[in-house]
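Keeping their order, the protein sequence lines are chains W and E.
Everything in the first sequence is counted per the numbering used here, starting at 4 for the first residue and increasing by one.
Everything in the second sequence is counted per the numbering used here, starting at 111 for the first residue and increasing by one.
One or more hints might be untrue.
Here are the simulated BS3-like pairs of lysine-lysine, each with C-alpha atoms no more than 30 Å apart in a straight line [said to hold, decoys possible]:
(1) Lys166/W to Lys722/E
(2) Lys493/W to Lys750/E
(3) Lys539/E to Lys392/W
(4) Lys124/E to Lys201/W
(5) Lys801/E to Lys346/W
(6) Lys478/E to Lys18/W
(7) Lys166/W to Lys750/E
(8) Lys750/E to Lys133/W
(9) Lys539/E to Lys381/W
(10) Lys220/W to Lys750/E
(11) Lys757/E to Lys231/W
(12) Lys718/E to Lys166/W
(13) Lys166/W to Lys702/E
(14) Lys712/E to Lys201/W
(15) Lys346/W to Lys722/E
(16) Lys508/E to Lys153/W
(17) Lys201/W to Lys722/E
(18) Lys392/W to Lys586/E
(19) Lys346/W to Lys750/E
(20) Lys166/W to Lys715/E
Keep in mind the hints are simulated off the structure, nothing from the lab.
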Amino acid sequence: MNETVNLKTLMASDKPLTLAIMAMGGQGGGVLADWIVGLAEEQGWMAQSTSVPGVAQRTGATIYYIEMLPARDGVAPIFSLMPTPGDVDVVLAAELMEAGRSVLRGLVTPDRTTLIASTHRSFAVGEKEKPGDGIGDPTVVVGATDFAAKRTIAFDMDTLALKNGSVISSSMFGALAAADVLPFPKEAFEATIRGGGKGVEPSLKAFNAAYDRAKAKPREEIASSPPKRFDAMPETAGHPDLDRLVHRLRAEFPEVAWPLLFAGIKKLTDFQDPAYADEYLDRVGKLYALDRTNSGESHDYAFTVQSAKYVAVAMAYDDVIRVADLKTRGSRFNRVRNEVGVKQDQILYMTEYMHPRMEEVCGTLPKGLGLWIENSPKLFAWLDRRINKGRRVQTGTLFWFISLYIVAALRRTRRGTLRHLREAEHREAWLVSATSLLSRNYDLAVEVINNRRLVKGYSDTHARGLSKFDRVMSALSSLSGREDGAVWMKRLRQAALLDENGIALDGALKTVATL
Amino acid sequence: MAERSFAREVEDLKLGEGEIFRGEGILAITKALLQSGVSYVGGYQGSPISHLMDVLADAKDIMEDLGVHFETSASEAAAAAMLSASVMYPVRGAVTWKSTAGTNVASDALSNLSSGGVNGGALIILGEDFGEGSSIMQERSHAFAMKSQMWLLDPRPNLPSMVQAVEDGFQLSEASNTPVMLEVRIRACHVHGQFTAKNNKRPDFTLKQALENPVRDVNRIVLPPANFMQDKDKLERRWPAAVNFIKEKKLNEFFGPEEGEIGIITLGGLYNGVMRGLQQLGLADVYGNSSIPIYVMNVAYPTIDDEVIDFCLGKKAVIMVEEGAPEYVEQTLHTLMRRRDIQTRLHGKDILPLGGEYTAPVMMKGLKTFVEMYDRLLLGNQPPVPDPTPILNDPKVKALAEVVPARPAGFCTGCPERPIFAAMKLVEKELGEHHVSADIGCHLFSILPPFNIGGTTMGYGLGPASASAFNVEADKRSIAVMGDGGFWHNGLATSIGNAVFNKQDGVILVVDNFYSAATGGQDILSSRAINPNRKTNNSIVNAVKGIGATWVRQIDRTYDVAKMRDTLKEALTTKEKGPKIIVASSECMLNKQRRIKPQFAKAVKDGKRMVKERFGVDEDVCTGDHACIRLSGCPSLSVKHTDDPLKDDPVAAIDNSCVGCGNCGEVSEAAVLCPSFYRADVIHNPTGWDKFMSNLRSKVIGWLQARRAAGRIVFAD
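Excised from the complex, chain W in its bound form (with noise of 0.2 Å):
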């Protein structure tokens, strides 16, 4: 017994010091574990880096882990291989959910844990692919890792470092020498990217700018989604016909809608004409009317709010009118010359893919024209064997431009079209599904307005959308008379964002027949 008390009081109490970098195949985390290990091996430390990268692939998620230590009296340490939940010193997170991530795995713990993170998204694959909004809730991550953690330096390294010309292993790099919570200077680690002898000028820009933003503001505030952007309304817009319209906009409607209403004016002038927008106000005037009557008030207008965004969704549809219009704009132009960065002395030409159908034409055409060809079948089959196919479309050349200019041209004569017709038809029976069952249940003919948000896209998926639509409404007749009618809708409306397929959707109607 007596030899195992020896044996204790001679153990060292020596803890190597631990960091974890939690990264994304690709990012360089195995640059940024080099230069941590560098720089201790500089600073006289014994280092050691371990990692369990797939040798090509580039978007998984990746874990390199670090431990350092003096040797003592030449003996070297004995480092673990991989991290112990709770016994982290520092947590390096390239991305936000990848922070979430070491706090799900216990690496982030309150006792002792730095996390040092990056709070810009790169969306996974299962988010992204939603048909709705799949963008997981960043302000959980927030919380949690603000529960989990003992200190936190959280802002967007990425853009910074991209912005100093650099990637995102150099101003995490940074952030590390401003946490402190290595014992080397600043200057140890400005040594260590010199050393690297790549890059070396953009990195140490960007590890200073880091540096400096991390002593400076360590935290970046984050919202769950970005705010949507409501115009103040002109005192004047500029054109008579302009301020009729938000002078209307004024007189006739409650404050609580102006600023949907004033979006939906906007986007209409600029989808069609003044006209057009006047029309809007006199549809949503209407459904306002019918609010008021059925006690709206005591529900803030929510029927008159909801109708003022999804009756100029609606009624903006996409047409083919509409793509060469947006196509062809000089606003259009130079946005693209932004985005793709494109420097004074280049010459910029884009490429649109299109592939227009019958369908589309048809749509395209005065009424009784369009309706004609597709009541005739061989003509319509054999039209739709010379239009439907992909086409390159280069708008930057004169004959592209000039073409979809003409297209976009026939704006004028929209309101005569199939597809206008079409459209007015749809609309009207779902405005009257919804009006139908205002003095019945309010919250659920708030619910029908909301369901237009299922309709969109082209083509195929247009449809695809439009079934979405009709299959959430077929449950409209057995919820009209439910008190929780309006949450089972909103229900089903979620379901059928979920997946392509509708397969969500197919089990909440499902348990909506059994109600």
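Once you've looked at the hints, dock chain E against the given chain W.
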């Protein structure tokens, strides 16, 4: 090795006596081979040992200087067969691969090799792909050692120990005339550390000498009656010789106090984890001092009975620490102790988990239980151990599980395999779902979202063979996918030959990306690069035709989604029987970018006219349905929230990492998705004619745009 240079790592291989090597474990092992006077090296690339192959492939001058022959073997079987050079001749040879996947492939040759035995040292370096980061089934290479009586080294995971194990391995092989396997786990391969280097050594006896002075001994050939004699020799002479060598050279190690109530027996590779567990329990320190005796088996097989008995005698209990199932060593020790009637209690997987990785918390928990059972006082007043459970149980952290997305590895930006699976999805929409047999390689990512294609995977180059049972009359045909890597590894004979011979009426899709891409972009037979050391540019189409296939289609640009779709449809519906083989070829984008990025930059710098392509999305045209993403999954095609109050869902967006492969545009065109995508061609160093035309067009277009804008009555933006 085509597009990535390992020149810096090659420099590390040149270090001489007394210099400090700093780098990865697997590179240290590579250096150790050269220090051991190896004559030849072969292997098949794969994580975690790819770098050994890659660096040696780039180290031609060193290899020539030392007179070492290096070969990129066609498969692990080829590599293992290569070791037969050491059967009769006193030459040292080493081969390497990913295990157990590769050892399975190699085991035919390995059985023959170990039965006949070797004269020269034969070393097999196994990248034990087990635990986190592994991409294969979780098995132990240990079984191969036991069934063939090959010796298995499992050194402590630090560079000096691993380097020593290489030299020891060769000597052990020679002393016992038996091939030796050296097992290194994933993290040990990728561990960064240091060791003191020695000079590289030229082999004493060269392959040239061997070739010019052939020797044979019929007793070394596995055929009766020699095979029975070999069995006897193995058990009665070679095994004891190995045990003696291991004892004499003290390959296994003892740490901690000489005496103790309890003891720990661990495989070398798990030593650091054991020590960290003990350290957290206050039973060891970080410099290797332990209050419990530890016996480290750097030789996992064979067991050295006397050492085990000496260690166990006088102890109440010992625990055996070995990772993975089953508990081979523990079983051996039980047999041994029963036979010798030793009453020391033996624990192992009754306390530690049966399977899975032995992480530090797992070790700590198991060791704590063991110590509590027999020597509780040793634990003292039990310092607090790291424990994240209170944090993990908090609702705030639990909520994360719903939000943090899974992020498996997937196709790279611009990957040419993406459009192939997009086309398959389009075909699926028309003709319904099909049975799809997948294979090993990058293309296996098709099983993940957004593609969700592929039902089984049976091994490298075995995709089409694994569809062979479905060769029956039916309304649908099977589809089998195989990469070019798998094709040359095994697939040509085992899958294509099998399909041709048996008239397999299915579709075989060979994904040809010009490299063994998943293992790091090594050249293979059909690579398009000119490699001075290898014969490349051998056509897959010619190969399958040569073996008798008749319905063969070559697609030279996989990004042509419409053509890809139509060809697949044709293959699935044609009246012709027998295998329908589609070879879909486009260069691996990761390697292509490595190749062309510097070329492009140089050309621009030299003032040449160059066109850079990338894709974009018109935000106001996109309606946020994300159908494009469900047919792509490209990392550069993402989504973003918009500030438009009339839009609910995020719109598609393409970031600056886009390489302009064209997949988005082709897919939206073929699937008739939407007109949101555009390709932006940026002309660097435009010619005079370019400028003239651009000016002219801009003037006319600008005038038209201004004319229309002036006629529009809209609110200012």
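Do the hints match the structure? See the list:
no.	hint	in the structure
1	Lys166/W to Lys722/E	holds, 21 Å
2	Lys493/W to Lys750/E	holds, 24 Å
3	Lys539/E to Lys392/W	holds, 18 Å
4	Lys124/E to Lys201/W	holds, 22 Å
5	Lys801/E to Lys346/W	holds, 14 Å
6	Lys478/E to Lys18/W	holds, 20 Å
7	Lys166/W to Lys750/E	holds, 20 Å
8	Lys750/E to Lys133/W	holds, 13 Å
9	Lys539/E to Lys381/W	holds, 25 Å
10	Lys220/W to Lys750/E	holds, 26 Å
11	Lys757/E to Lys231/W	holds, 9 Å
12	Lys718/E to Lys166/W	holds, 28 Å
13	Lys166/W to Lys702/E	holds, 26 Å
14	Lys712/E to Lys201/W	holds, 17 Å
15	Lys346/W to Lys722/E	holds, 13 Å
16	Lys508/E to Lys153/W	holds, 18 Å
17	Lys201/W to Lys722/E	holds, 25 Å
18	Lys392/W to Lys586/E	holds, 28 Å
19	Lys346/W to Lys750/E	holds, 25 Å
20	Lys166/W to Lys715/E	holds, 22 Å
When the structure is compared with the earlier hints, no violation turns up for any of them.
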